[in-house]
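> Position chains B and C relative to chain A; hints supplied.
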Amino acid sequence: MTMTTTRISGTINGREVTTEVDNATLLLDLLRDLGLTGAKPSCEMEVCGACAVQLDGLPVSACTTLAIELDGRTVETVEGLAQSADALHPVQRAFLQKSAFQCGFCTPGMIMSAKALLEANPSPSRDDVVHWLEGSICRCTGYESIVEAVLEAAEEMRNG
Amino acid sequence: MQILSDFQLHRPASLDEAVQLRSELGDGAALYAGGTELLLALKMGVLEYEHLIDVKRIPGLNAIEVQGAALRIGATATHRDIETSPLVAEHVPALSKLARHVANVRVRAAGTLAGNLAFGEPHADPAALLVALGATVELLSSGGRRSLPVEQFAVGAYETELGEDELIEAVVVPLPTAQTRATYLKFQVLERPTVGVAAVARDGDAPTVVVGAVDEKPVRIEASDGVEDYVNAARDAVDPVDDLSGSAEYKRHLTGVIVRRALEALAA
Amino acid sequence: MAEPSVSGTSIPRLDGPAKVMGRAKYALDLDIPGAAHGVAVRADRAHARIIGVDASKAEALPGVIAVVTAASVAPIDVRFGHISRDHPALAVDKVRYAGEPVALVVAETRRAAEKAARLVRVTYEDLPAVIDAEDALADGAPLLHEVHPGRTGDEGFHNTGADALEGNLCAANLIEWGDLEAELAAADVVVEGEYRYPMLYGYAMEPYNATALFEEGTLTVYTTAQHPYMVRDDLARMFALPLARVRVVVPYVGGGYGTKSYTKVEPLAALGAYATGRPVRVALSVEEAIFTTRSDGAVIRARSAFKSDGTLLARDFDIVMNSGAYSDNSPLVCAKLAARAFGPYRLNALRVRCRSAFTNTTPASSLRGFGAPQGNLAGELQMDEAADRLGIDARELRLLNVVRPGEEILPGKRGIDADLAADLELLTESLGWGEREGVGFGLAASDAGAHPTSTALVRIHGDGSASCAIGATELGQGSRTVLSQILADGLGLPFEKVSIVQSDTGVVAYERTTGASRTTTLVGRSLLAACDDARRRIRELAAEYAADVQDAPGGVVADGEHLSYGAVIRKWFGSGGEVVGVGAIRRHGEFEKLPPFWEIGASGVAVSVDEETGRVVVEQLTTVGDVGFAINPLLVHGQDLGAATMTLGAALSEELVYDGTTLSNPNVVEYRVPRVSDMPAKIDQILAERRDGIGPFGAKGGGEGAGNTIGAAVAAAVGRLLGRYPRELPLTPERVWRLAQEAAPDRETEAVRG
Numbered sequence: 001m002t003m004t005t006t007r008i009s010g011t012i013n014g015r016e017v018t019t020e021v022d023n024a025t026l027l028l029d030l031l032r033d034l035g036l037t038g039a040k041p042s043c044e045m046e047v048c049g050a051c052a053v054q055l056d057g058l059p060v061s062a063c064t065t066l067a068i069e070l071d072g073r074t075v076e077t078v079e080g081l082a083q084s085a086d087a088l089h090p091v092q093r094a095f096l097q098k099s100a101f102q103c104g105f106c107t108p109g110m111i112m113s114a115k116a117l118l119e120a121n122p123s124p125s126r127d128d129v130v131h132w133l134e135g136s137i138c139r140c141t142g143y144e145s146i147v148e149a150v151l152e153a154a155e156e157m158r159n160g
Numbered sequence: 001m002q003i004l005s006d007f008q009l010h011r012p013a014s015l016d017e018a019v020q021l022r023s024e025l026g027d028g029a030a031l032y033a034g035g036t037e038l039l040l041a042l043k044m045g046v047l048e049y050e051h052l053i054d055v056k057r058i059p060g061l062n063a064i065e066v067q068g069a070a071l072r073i074g075a076t077a078t079h080r081d082i083e084t085s086p087l088v089a090e091h092v093p094a095l096s097k098l099a100r101h102v103a104n105v106r107v108r109a110a111g112t113l114a115g116n117l118a119f120g121e122p123h124a125d126p127a128a129l130l131v132a133l134g135a136t137v138e139l140l141s142s143g144g145r146r147s148l149p150v151e152q153f154a155v156g157a158y159e160t161e162l163g164e165d166e167l168i169e170a171v172v173v174p175l176p177t178a179q180t181r182a183t184y185l186k187f188q189v190l191e192r193p194t195v196g197v198a199a200v201a202r203d204g205d206a207p208t209v210v211v212g213a214v215d216e217k218p219v220r221i222e223a224s225d226g227v228e229d230y231v232n233a234a235r236d237a238v239d240p241v242d243d244l245s246g247s248a249e250y251k252r253h254l255t256g257v258i259v260r261r262a263l264e265a266l267a268a
Numbered sequence: 001m002a003e004p005s006v007s008g009t010s011i012p013r014l015d016g017p018a019k020v021m022g023r024a025k026y027a028l029d030l031d032i033p034g035a036a037h038g039v040a041v042r043a044d045r046a047h048a049r050i051i052g053v054d055a056s057k058a059e060a061l062p063g064v065i066a067v068v069t070a071a072s073v074a075p076i077d078v079r080f081g082h083i084s085r086d087h088p089a090l091a092v093d094k095v096r097y098a099g100e101p102v103a104l105v106v107a108e109t110r111r112a113a114e115k116a117a118r119l120v121r122v123t124y125e126d127l128p129a130v131i132d133a134e135d136a137l138a139d140g141a142p143l144l145h146e147v148h149p150g151r152t153g154d155e156g157f158h159n160t161g162a163d164a165l166e167g168n169l170c171a172a173n174l175i176e177w178g179d180l181e182a183e184l185a186a187a188d189v190v191v192e193g194e195y196r197y198p199m200l201y202g203y204a205m206e207p208y209n210a211t212a213l214f215e216e217g218t219l220t221v222y223t224t225a226q227h228p229y230m231v232r233d234d235l236a237r238m239f240a241l242p243l244a245r246v247r248v249v250v251p252y253v254g255g256g257y258g259t260k261s262y263t264k265v266e267p268l269a270a271l272g273a274y275a276t277g278r279p280v281r282v283a284l285s286v287e288e289a290i291f292t293t294r295s296d297g298a299v300i301r302a303r304s305a306f307k308s309d310g311t312l313l314a315r316d317f318d319i320v321m322n323s324g325a326y327s328d329n330s331p332l333v334c335a336k337l338a339a340r341a342f343g344p345y346r347l348n349a350l351r352v353r354c355r356s357a358f359t360n361t362t363p364a365s366s367l368r369g370f371g372a373p374q375g376n377l378a379g380e381l382q383m384d385e386a387a388d389r390l391g392i393d394a395r396e397l398r399l400l401n402v403v404r405p406g407e408e409i410l411p412g413k414r415g416i417d418a419d420l421a422a423d424l425e426l427l428t429e430s431l432g433w434g435e436r437e438g439v440g441f442g443l444a445a446s447d448a449g450a451h452p453t454s455t456a457l458v459r460i461h462g463d464g465s466a467s468c469a470i471g472a473t474e475l476g477q478g479s480r481t482v483l484s485q486i487l488a489d490g491l492g493l494p495f496e497k498v499s500i501v502q503s504d505t506g507v508v509a510y511e512r513t514t515g516a517s518r519t520t521t522l523v524g525r526s527l528l529a530a531c532d533d534a535r536r537r538i539r540e541l542a543a544e545y546a547a548d549v550q551d552a553p554g555g556v557v558a559d560g561e562h563l564s565y566g567a568v569i570r571k572w573f574g575s576g577g578e579v580v581g582v583g584a585i586r587r588h589g590e591f592e593k594l595p596p597f598w599e600i601g602a603s604g605v606a607v608s609v610d611e612e613t614g615r616v617v618v619e620q621l622t623t624v625g626d627v628g629f630a631i632n633p634l635l636v637h638g639q640d641l642g643a644a645t646m647t648l649g650a651a652l653s654e655e656l657v658y659d660g661t662t663l664s665n666p667n668v669v670e671y672r673v674p675r676v677s678d679m680p681a682k683i684d685q686i687l688a689e690r691r692d693g694i695g696p697f698g699a700k701g702g703g704e705g706a707g708n709t710i711g712a713a714v715a716a717a718v719g720r721l722l723g724r725y726p727r728e729l730p731l732t733p734e735r736v737w738r739l740a741q742e743a744a745p746d747r748e749t750e751a752v753r754g
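Chains as they are written, first to last, in this note's numbering: chain A, 1 to 160; chain B, 1 to 268; chain C, 1 to 754.
It is worth saying that the hints were derived from the structure and are not from the lab.
From a predicted model like this one, the values you see are computed outputs, not experimental measurements.
Heads up, some of the hints might be wrong.
Footprint (simulated), chain C over chain B, 3 or more residues, beta carbon under 8 Å [unchecked claim]:
#1 169 to 183
#2 187 to 199
Straight-line Cα separation of at most 27 Å, BS3-like style, residue types lysine-lysine; simulated pairs [what the hints assert, rightly or not]:
#3 B/Lys43 to C/Lys57
#4 B/Lys43 to B/Lys56
#5 C/Lys497 to C/Lys25
#6 B/Lys186 to C/Lys682
#7 B/Lys186 to B/Lys97
Note that CB positions come from ideal geometry on N, CA and C, so glycine has one too.
Next up, chain A with everything else stripped away, as it sits in the complex (with noise of 0.2 Å):
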């Protein structure tokens, strides 16, 4: 008998979970039906970073991730970054500030990078920034204010 499903465990936002996924589902689509829809479908081809989520640390297209890959290991969505807004992670706090979002469908994705740059590299310059965001699309804000709100939450998480 052949089996197509696997059993898989790992780690999202913190929390323990055992399931069986069919080994073609995609990571997206497990977080999704999971009810943690703050990382987005949109390209679906790995370039425009919607559905960025850290695997391990590191941003990953989860849209392009088997969810098998989540067992033994570590997924962080946004949804994990804070339990209410008034405990928001700097750099949400600094898309915030400087109003670096206005449709917010890519800013889940983009948070998630900026993260995983921060946590790579604590003092990115803005060519570093610009470097690693390179490959998130957002359609609404010309960029500006996201590299300015990256660079100071870069500055804040410093300090604090």
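Quick look at chains B and C alone, frame taken from chain A:
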């Protein structure tokens, strides 16, 4: 977009197991490492497999290490592993830089160098530089190991020498001497390079120049001396086609420009 | 009205916390219990008669509920369209473009629906197809619509060039005055050229999606629409339902920019729900979104006639738009393109002939700027070309001819409510015009705001707080925040005491559309009218207890005593209660003259060019936001930079490319929108607030204008560096390289001349 085909997942715990699965499953199975190309193809339905052999979890297969006179990059080392590896930065800085500019950060975090070569996507960065550096791939099957220069491994668009029962164990880059200079320069408009040029000069020898992303596989430029000689030879050597990145005529011109700039960067 | 205290400040966005926390719900995120999934079977060819649809294999697949076709839902007439009801949600008899929906597979899961969709076999008899717009208008061209659709939709659009339409002519507009031939004869310099503006995909990052259900005789649709009321009207026509029995709900929208104007995917979901009795969600991929709507490409032949002293005498434009297989909003774009091509300049004579052509391509519709970027490319580049020919500075040439505040640029229309000359000075100073190479800039004035029909509902509650119910949609532009600011000022309440409900036609007041920069201005005004009405009601209530009642912030002064709204309400009702105010504006009084305001464009760039590769780098971008009054300056800056960035994409990289009858790049891998690395190192955003608009506190529209001049500005900047002006966008590296090649001999000659 979802993956519509069902497949079985195999997670070998060792290379031996992986090789065993390769010989058992043959062309019904795909090797799955970073998945950045494979999963897209599965989603779009251009490829279908009954089995995926997930080699990512084989311990040690992502190691990057110096062995003798070579840098050995394990099959599951990602572009980001290479970008951030102190060993790569020390010995082959041109490869670090190349890795830093592959696709985007999410693809770099998942995609592997070996996978890139195995997929045979012609419009890609790594192959040209690896050819210019004289790199080889180590291939493993139940019949044993063999080593093949990257130049021979790449056959054409999505075509390689990888056998149905084989897998890439490592990409091996001979350590350049201290006097060796190497660079990779690309011109890119869309998601993939339009032209990529690798230039490597060993110990005062005439540079090795390889043009990638234009033809179906990297093109070694045969020229004797002088930048213009290389530029002209490169324009003659490539066989571009019209596509969304530009017409064949433009890409031929651009090849010359990037070859010149790469050689100038090498001399600088 | 008292000076505003909340408006005019960059108050933080109301939607901010939800959006940065990933909690903001978009239509795609809604969990509709029991929803099945619909996936369209799309035509694989551009023009063909449908011989048969064999769904047997698809229907046999586990989980498949139904395969819906136009025939299977008869007698429902599946056509929709607000201007021309010519667009079948599912193809009837034939397909008119590759990617057109032929059937809808409804299944329990998305995966099953996708699998089944690939198993539906459609047999066709191919027909000759036409992709190019000018070919489509030529004699003997394959005919898309055997019976011309005419104007069958909303009567508000019957001014869109409906006369003498035949063949593949979707719409035609003519604007004409003066003696063109005489002016041309009297001219010292006539600049002449053909300009090409690409077909674009707006790429709103949330692709079109809708979930529809029939319940208690009412059709409810949750969707990504910018104009929920327009969608309501289309659906009511399709299903022969009273307007009261169609409810369209729009939660947060992941980008609009005009691409989500009017009806798109809602009929598919509704037909799926109608056929199966289940709630049905249809969520498109980006590729399907590209096969749903794009913007109109245009070929513009233009002539501009000048006296040697620089006086612009006359202009002549002949424009052909590629509008795709169905009308959608192209007739309105056609009218707007005609009105937006010639620019805010004095003219003795003008002729603009604009024709919109049906072709076997994705239907075209609105995209930010609405014809303005297309027309502006020709109109403004000719100003630059003329300046060179005349030996007059390009800024001076514009200053010489630009209309001054109050002057008309279209006879009978509202005079220009802006100081364009002052805007131009601000713009060129910021760009260092005259002091550096590679600068391009331009002016634009768009007849904006669409039809001035807007209503608003304001409720003042028993505790003195207030809420409003508004039909304008929050697309990211910040309408939720801006309208709340206006509401607070309209009632003299602090921002914390007001709230807003938007975009649920079952609940909120009627709003015609959300587009054309109308929300702050027109909705703002109907909202202020509703505030006035509510305050009047409050005064009436208070007058039952007091002899002298005067308005006061947050309440009234009754016989010398300040009473809050809440106190008045509680006193009158005795227990509970609230006061409702309604506001409406229509084309009457100060709104009689159209447009209600002019959307001003005054943006420019400085660029550098790598002539060997042809790559253009934008070094600086300047926007002058002539918005009258910025209710929320930070949001205005955001809109201006966003608009300018979008057109930078059209200027440098974006273009839908057809190879024969096949679209070569229906994805954002091969269709390149601006990335963060494309942004200029220097961005200068200037606000020009002269309180000269019709909106609240002197506000005018914003959010489109900043992009309207960017295409021409980039082309002019590149042209100045190369010595030859490009006339086609986008300026891909190859095009720029070729232009540099062509220009090289001229430049060598000039160098020799010294």
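> What hint numbers does the structure not satisfy?
1
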